Amino acid sequence: HRFDYSFSGLKTAVARYVERRERDHEPISVPDVSASFQEAVADVLTAKAVDAAQHFGVGHLVLGGGVAANSRLRTLMAERAAAAGIELRRPRPGLCTDNGAMIAVLGAQVIEAGRPPSSLTISADSGMPVERVLA
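Quick note: this note's numbering has the sequence shown finishing at residue 136, numbered continuously throughout.
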């Protein structure tokens with residue numbers, strides 16, 4: 002699916018790069034490798050989020066979770082959302098240290114939609130689809 006993403010290939014490429022440089026006794030610029038990795042991840046996340054919003058006709062995005070504290074991701078998402086005419090909501094970085102703000106936003110949307118709360122027997126599952134929570 003065009004909105005899916007995985008960073009396992011990128012992580013492997015970085016690991017192989019570092020291993021090769023170490024094997025050949027060549028210097029490794031940790032700041033350069035880190036910045037390049039960060040830029041690649043921010044590029045994919047923002048491009049796919051904006052693409053999905055446009056595809057589904059969504060006029061706003063919420064940047065949440067721990068990754069939302071990353072300043073480069075925040076900047077790039079703001080730039081791309083604005084360029085696409087999409088309203089971006091993002092909590093202060095201090096509220097992004099865990100996923101609490103992201104879950105609170107989802108809870109507020111569930112309440113606003115008039116949905117009943119999930120069953121108390123629902124189990125914690127980090128991979129659970131939102132549709133199941135809303136069922």
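Among the clues, some could well be false.
Stated by the list, open to error - Taking CB as the label site, the calculated pair distances span:
{"#": "1", "residue 1": "Glu88", "residue 2": "Val45", "range": "42 to 52 Å"}
{"#": "2", "residue 1": "Leu121", "residue 2": "Asp25", "range": "56 to 66 Å"}
{"#": "3", "residue 1": "Ser35", "residue 2": "Gly66", "range": "17 to 27 Å"}
Stated by the list, open to error - Lysine to aspartate or glutamate pairs mimicking DMTMM-like chemistry, simulated, CA-CA at most 20 Å apart:
{"#": "4", "residue 1": "Lys12", "residue 2": "Asp44"}
{"#": "5", "residue 1": "Lys49", "residue 2": "Asp5"}
{"#": "6", "residue 1": "Lys12", "residue 2": "Asp52"}
{"#": "7", "residue 1": "Lys49", "residue 2": "Glu80"}
{"#": "8", "residue 1": "Lys12", "residue 2": "Glu23"}
{"#": "9", "residue 1": "Lys49", "residue 2": "Glu88"}
Bear in mind the hints are in silico, worked out from the structure with no lab data behind them. Fair warning: this is a prediction, and the values are worked out from it, not measured in the lab. From the three backbone atoms N, C-alpha and C, an ideal C-beta is built for every residue, glycine too.
For the pair supplied as a hint, Lys12 and Asp52, confirm whether the alpha-carbon distance does not exceed 20 Å.
Distance of about 24 Å is beyond 20 Å: violated.
Are Lys49 and Glu88 close enough, with their CA atoms no more than 20 Å apart?
holds (16 Å)
Holds or violated: Lys49 to Glu80, with C-alpha atoms at most 20 Å apart
holds (14 Å)
Is 56 to 66 Å respected by the C-beta to C-beta distance linking Leu121 and Asp25?
At roughly 58 Å between Cβ atoms, Asp25 and Leu121 fall inside 56 to 66 Å, so the hint holds.
Is 17 to 27 Å right for how far apart the beta carbons of Ser35 and Gly66 are?
holds (20 Å)
Pair hint Lys49 and Asp5, alpha-carbon separation not exceeding 20 Å
At roughly 8 Å apart (the allowed maximum being 20 Å), Asp5 and Lys49 satisfy the hint.
Has the given pair, Lys12 with Asp44, been kept, meaning a C-alpha gap of at most 20 Å?
Holds. Lys12 to Asp44 sits at ~15 Å (cutoff 20 Å).
Verify the proposed pairing of Lys12 with Glu23, using a straight-line Cα cut of 20 Å.
holds (17 Å)
Has the hinted range 42 to 52 Å been met by the Cβ atoms of Glu88 and Val45?
violated (22 Å)
Hints 1, 6 from the list above are not met by this structure, while the remaining hints are.
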